[in-house]
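Engineer: Sequence:
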Amino acid sequence: MAGFVSCQVLVGGRRRAIPLADVSEAIAAGEGLVWMEFNDPDQPTLERLQEELGLHELAVEDALSAHQRPKVEDYAGGLFVVLRTARLWDNRIEYGETHIFCGPAYLAIMRHDIGPGYDRVLDRLQAYGRPITVGLALYALLDHIVDELRPLSARLEDRYADLEAAIFASGFSSENLQFLFETKREILGLMGTVQPIPEICGDLIRLHHDVVDKELRAYYRDVEDHAIRLIHSLDRLREMIADAMQLSLATAVMEQSDSVQKLAGWGAILAIPTVAFSLYGMNFRNMPELDWPFGYPLLLALTAAACLWLYRRLKRRGWI
Numbered sequence: 001m002a003g004f005v006s007c008q009v010l011v012g013g014r015r016r017a018i019p020l021a022d023v024s025e026a027i028a029a030g031e032g033l034v035w036m037e038f039n040d041p042d043q044p045t046l047e048r049l050q051e052e053l054g055l056h057e058l059a060v061e062d063a064l065s066a067h068q069r070p071k072v073e074d075y076a077g078g079l080f081v082v083l084r085t086a087r088l089w090d091n092r093i094e095y096g097e098t099h100i101f102c103g104p105a106y107l108a109i110m111r112h113d114i115g116p117g118y119d120r121v122l123d124r125l126q127a128y129g130r131p132i133t134v135g136l137a138l139y140a141l142l143d144h145i146v147d148e149l150r151p152l153s154a155r156l157e158d159r160y161a162d163l164e165a166a167i168f169a170s171g172f173s174s175e176n177l178q179f180l181f182e183t184k185r186e187i188l189g190l191m192g193t194v195q196p197i198p199e200i201c202g203d204l205i206r207l208h209h210d211v212v213d214k215e216l217r218a219y220y221r222d223v224e225d226h227a228i229r230l231i232h233s234l235d236r237l238r239e240m241i242a243d244a245m246q247l248s249l250a251t252a253v254m255e256q257s258d259s260v261q262k263l264a265g266w267g268a269i270l271a272i273p274t275v276a277f278s279l280y281g282m283n284f285r286n287m288p289e290l291d292w293p294f295g296y297p298l299l300l301a302l303t304a305a306a307c308l309w310l311y312r313r314l315k316r317r318g319w320i
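With my numbering applied, the sequence shown covers 1 to 320.
Calculated from the structure, these hints are not laboratory results. Please note: incorrect hints may appear among the correct ones.
[To be verified] DSS-like cross-link-like pairs, simulated, lysine-lysine; straight-line CA separation at most 30 angstroms: (1) Lys214 to Lys315; (2) Lys262 to Lys184; (3) Lys71 to Lys262.
[To be verified] Okay, the calculated beta carbon distance ranges per label pair: (4) Ala166 to Gly13: 46 to 52 angstroms; (5) Ala169 to Gln43: 53 to 59 angstroms; (6) Gly202 to Ser174: 42 to 48 angstroms.
Glycine included, each C-beta is placed from N, C-alpha and C at the ideal position.
Could you build all of it, start to finish, from the sequences and the hints given here?
Structural biologist: What follows is the structure, given as structure tokens:
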């Protein structure tokens, strides 16, 4: 079946695979939590899932597309949760979405991304050794998504540290500025992934007591706290990147100003012999000092002295 990954019943510390066609019977039997996972499901797969779970048609329509805003929607029979995801894949950050249908005894996960899936979440749920409810499974999934964002933030911080060292070591370069822009774009992408999570956790805690009971609220607040700390870290890193970009541009302006000063200084020095020697290119009837044998050497000496004096003045002021 296109997009189908797994369908399992979780009972305590055990899990048992079942076919998708038996989902409604397993839910009605109340054996445990039914965990379903799909990767980029097509419309026939979602229509079959809708038939098994009695899902709302609008939620199914949203789950088919990978461009939904993060949200929690309350439909008859269950919740529809949309989360953005990010993970390191082939040495670059890949973004995606995870759509979740939550019901009284099931969790149906639609992944629109690449990667290994959520087997680690299943392993974690098995290790709890306690009855697995929808709220507990959703918490484990949210916590896993936030945990996957932490190494990405650390990676961006390390990249910024390297860029900062390169800027102070070699000064401004177009390559460094390009890396700064790329890093800032990835920071904004990561912030867009993590920023909705605190609001989603807050909504689940306040409005959906049937999913997040009193015992689980502390766990969801913990996920919320981790996400907020990650947001603060990324926001601080974004400001540092902006400062580094301003420093790079200011350094470029200073280097250009220094070059202009040097050119202006040498231009002033060269203007002296230009003015002096251009007199001899004019058509005087009685050229000054032509009948005096020391006139031309004296002109050369005075020109050289004036150039040397101006050079020393400009050098003392740092213009050349």
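Engineer: Run every hint past the structure and note whether it holds.
Structural biologist: Right, here's what the structure says about each hint:
1. Lys214 to Lys315: It is violated: about 76 angstroms lies between the C-alpha atoms, which goes past 30 angstroms.
2. Lys262 to Lys184: 35 angstroms, violated
3. Lys71 to Lys262: Not OK: Lys71 and Lys262 at ~59 angstroms, beyond 30 angstroms, violated.
4. Ala166 to Gly13: 46 to 52 angstroms: Given range 46 to 52 angstroms: holds, Cβ gap about 51 angstroms.
5. Ala169 to Gln43: 53 to 59 angstroms: 55 angstroms, holds
6. Gly202 to Ser174: 42 to 48 angstroms: 44 angstroms, holds
Comparing the model with each earlier hint shows violations of hints 1, 2 and 3; every other hint is respected.
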